[in-house]
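K.L.:
As a plain string of letters, each chain reads:
There are 2 protein chains.
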Amino acid sequence: MAKQAKTAIQPTRSEDFPEWYQQVVKGADLAENSETRGCMVIKPWGYALWENIQQQLDKYFKQTGHQNAYFPLLIPLSYFEKEAECAEGFATECAVVTHHRLEATKQEDGSTKMEPAGELNEPYVIRPTSETIIGAAFSRWTESYRDLPLLINQWANVMRWEMRTRMFLRTAEFLWQEGHTAHETKEEAIEETRQMHSIYEKFLREHLAIPTIPGEKSEAERFPGADMTLTVEAMVQDKKAIQAGTSHFLGQNFSKAQDISFTARDGSTQHAWTTSWGVSTRLIGTLIMAHSDDDGLIMPPRVASQQIVIIPVTPKEDTRDAVIDACLALAQTLRSKDFHGEPIRAHVDKRDLRGGEKKWEWVKKGAPLRIEIGPRDLESRKVCLQRRDQAANEKTFLDKEEFLQNVENTLQEVQDALLERATNFRDANTHTCSDLAEFEKHWQSDQPGWLVTPWAGTTEEEETLSKKHKISIRCLPLDQQDGDEAPCILTGKTTKARAIWGRSY
Amino acid sequence: MAKQAKTAIQPTRSEDFPEWYQQVVKGADLAENSETRGCMVIKPWGYALWENIQQQLDKYFKQTGHQNAYFPLLIPLSYFEKEAECAEGFATECAVVTHHRLEATKQEDGSTKMEPAGELNEPYVIRPTSETIIGAAFSRWTESYRDLPLLINQWANVMRWEMRTRMFLRTAEFLWQEGHTAHETKEEAIEETRQMHSIYEKFLREHLAIPTIPGEKSEAERFPGADMTLTVEAMVQDKKAIQAGTSHFLGQNFSKAQDISFTARDGSTQHAWTTSWGVSTRLIGTLIMAHSDDDGLIMPPRVASQQIVIIPVTPKEDTRDAVIDACLALAQTLRSKDFHGEPIRAHVDKRDLRGGEKKWEWVKKGAPLRIEIGPRDLESRKVCLQRRDQAANEKTFLDKEEFLQNVENTLQEVQDALLERATNFRDANTHTCSDLAEFEKHWQSDQPGWLVTPWAGTTEEEETLSKKHKISIRCLPLDQQDGDEAPCILTGKTTKARAIWGRSY
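For the record, the sequence lines run as chains A and B. Per this note's numbering: the first sequence = residues 1 to 505. Per this note's numbering: the second sequence = residues 1 to 505.
These aren't lab readings, by the way, just hints derived from the structure by calculation. It should be emphasised that the depicted structure is a prediction, and the values quoted were computed from it without experimental measurement. Where hints are given, some of them may not hold.
Unchecked claim - Cut-off 30 angstroms, straight-line C-alpha distance, at most; resulting in silico cross-link-like pairs (BS3-like, lysine-lysine):
{"no.": "1", "chain 1": "B", "residue 1": "K337", "chain 2": "A", "residue 2": "K59"}
{"no.": "2", "chain 1": "A", "residue 1": "K62", "chain 2": "B", "residue 2": "K59"}
{"no.": "3", "chain 1": "B", "residue 1": "K493", "chain 2": "B", "residue 2": "K468"}
{"no.": "4", "chain 1": "B", "residue 1": "K113", "chain 2": "A", "residue 2": "K82"}
For reference, chain A alone in the conformation it holds in the complex (with noise of 0.2 angstroms):
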């Protein structure tokens, strides 16, 4: 096609989203698959992007008075039988260690074959989740109502033999948070469910710029063995969902299957409520999907492994040196700079490289600004800003103090603009529908984005509602549930509830 766009990403979103989707992870050099079946290695540029998202969740789990610790990744097989509600949910996707030691045979040809031995006695799962483990461990801290509440988050890796994967969205070995904490009181517990939820929904719209429906989960769409499932979704650009975290009220389930007990200010003994709540590497895969264009990756400011890429345009080898330095200079003014409490992150890219394939590799790399400065503008004081959020050839010149006095709104700007084009488009593409006949012909098109509908059906007429269309409901929004009475979309049956329906990751 002679009158095709030039895009740094082949195929295009329009094209093929797929595996567009996979040309960013790659252009932007931010994972590549492993030998390992369905993991991932997470690359320098990625693991960056983890790293900030990391400490910035971090912080607010602090401030709201939880503390970190570290449980054992294998989880005994005897645990998961005590919970079985929990356990059949992952039993399908389990990763099984079942001996302890390889045994090592000379093969004739001088090579070594490697082989089990050394069979355990009981068998360990690797963690799918830690409600089991975590769980027998606030059984043994919780003796009276003054050891609650406990406030625990876990940094870890979990795993999850997921038969499809997808980088990010979907792999079978993950990095992520689990909150668990236990409560003395079903009010108090519902409340930490709330607030980390809030907590999410917060993180997703000020640092990653993804607007999210914060809403619950339906009975059918629950996690295993919780009374509540609260849930923050995301639209990304081919109009699906995407679950980008969740918080879990567990009532006492895990808590009488595991004893976690107390004695409570009447001397009666107790079990406590408890609650968890997770993200992991997916909201990166979130991230990606919503932001990015054909162009490559589009990092939000707040997060971006790198804010501010330094291009040095060195056509003369008599300059080279004052422009580089100049470069060096800007970059470490820009650190000493704060963008929401953190020092900038600016990096020179000093290689020996022609400017366009530079310029080229940051834009695939989602870079939110880029500065170039060459020979000339060491005179003038100039600097040439480009923003990503912007088309690639758009320039602008500016005075250098006037950049470096404007530098935080600069970024802010990019946050900003990033938000506001996501939660257009999601707007854009949700609709309210009352109607059976419409809501069953809206599921035909390709990309049929969200569908918003009174809703009032039990869980089966859910699932064959869901099955038919290949879709689901992705929660019941929190801001809507007393809205006005309205017919069920299905039933007929006069509700307040509103329902979100959707194709989803």
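We have chain A already, so just place chain B on it with the hints.
P.N.:
Positioned in the frame of chain A, the structure of chain B alone reads:
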């Protein structure tokens, strides 16, 4: 014994050092054993220590150009077969994953039984270290000399199925960092090995207040597959050695096994020169054994979970609020101050417990400074300061302003005092020896400390001597490799080299 000194930890160090250690860990609430064989739960007070260690080390790694990344937990068995020497070193202690799901069967009594199902074609090993899997990635990443050096670090959990475990010092699963680098030349790789070794020495000395002997491991004690292993060896209070960190020059051994090759400047194909280096949660065990006393843990201020604990003394209800408010205000002021570039970590213990109970809890937990404020101190604007490195009943009354003005110095004084004490102890228990009879007699005592001897023996001679006396060459100290010529203590051969011998963990 009527006259026994009152100490918070029973038994004391001199009564039973190994049991004292367990009781210090327990009394400080750092960690506890779990039901997963050989694995511990790191509790919040212990994990905070690890977070500080991690953040401070990470800064040094990044300052020297390293980037963090993340590689799969599970290593295909075939990788172990490729690098046989290293694999055999870990083969006797590997957790092996052989199945990828569980099958639940309901028992007659209504309970659920879970059994491994879905056997894998190729089993996986939980990483005991990641040379092989990171090497496989390096092989993909290295085409030209322009791609070098690769300077990668990973913070991760690893697993070695140890038969005898001891919390922090040797556990089946532990947390660590592993640096892995690949270089164009041998010289560059050796320089990297030395650089990271120096960073470990400096970190232990300046941050953990632990003096170490930087040296080279003898061939017998080297990492399997390494051409040179550098180590930092610490002496703890039972005069044994702990290998606190190692940095390995791997030559081209791994790069040849894993084909980390590149097109060199002259167009030829070359194998890269690689290094690896690591420290682990073992540092916490070393810290405990190096500094703690019969009252419990002593944390060096730079890495302490909390640096200053403020205890409100509230004998009367009517002054209680005012005292607590004053304590909270003091903590706030302290947090606005910096100690080595980090906000001071201050905690107010508001719990409704008797003052004496609180005090002893913080003594056992090793907080470097304790501050008490009571109702009378409010009027006189005084604080009562207690230093953990001094006797538990020693108190200094200071004007609050004076305390605040000097607080960074006071913290540094505690830090320096711990380093000085540990250095004096180490020096007093390290002796030079050039006579074999004297050497052999030395190891008959209960806590023999270290001996430095001229050494030119073979690996076999070293192993014979080591076995006989249950000792090992801890290292060949770098600063004594050009010592005066002297006859080797065993063989009589003239040598400039010195070896440090000792018992070890």
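K.L.:
Each of the hints needs a verdict: does it hold here or not?
P.N.:
Status of the hints after comparison with the structure:
The suggested pairing of B:K337 with A:K59 holds, with an alpha-carbon distance near 18 angstroms, which does not exceed 30 angstroms. About 21 angstroms separates the Cα atoms of A:K62 and B:K59, which keeps this hinted pair within 30 angstroms; it holds. Between the alpha carbons of B:K493 and B:K468 the distance comes to roughly 21 angstroms, so the proposed pair stays at or under 30 angstroms and holds. At most 30 angstroms may separate the alpha-carbon atoms for a hinted pair to count; B:K113 and A:K82 meet this at roughly 9 angstroms.
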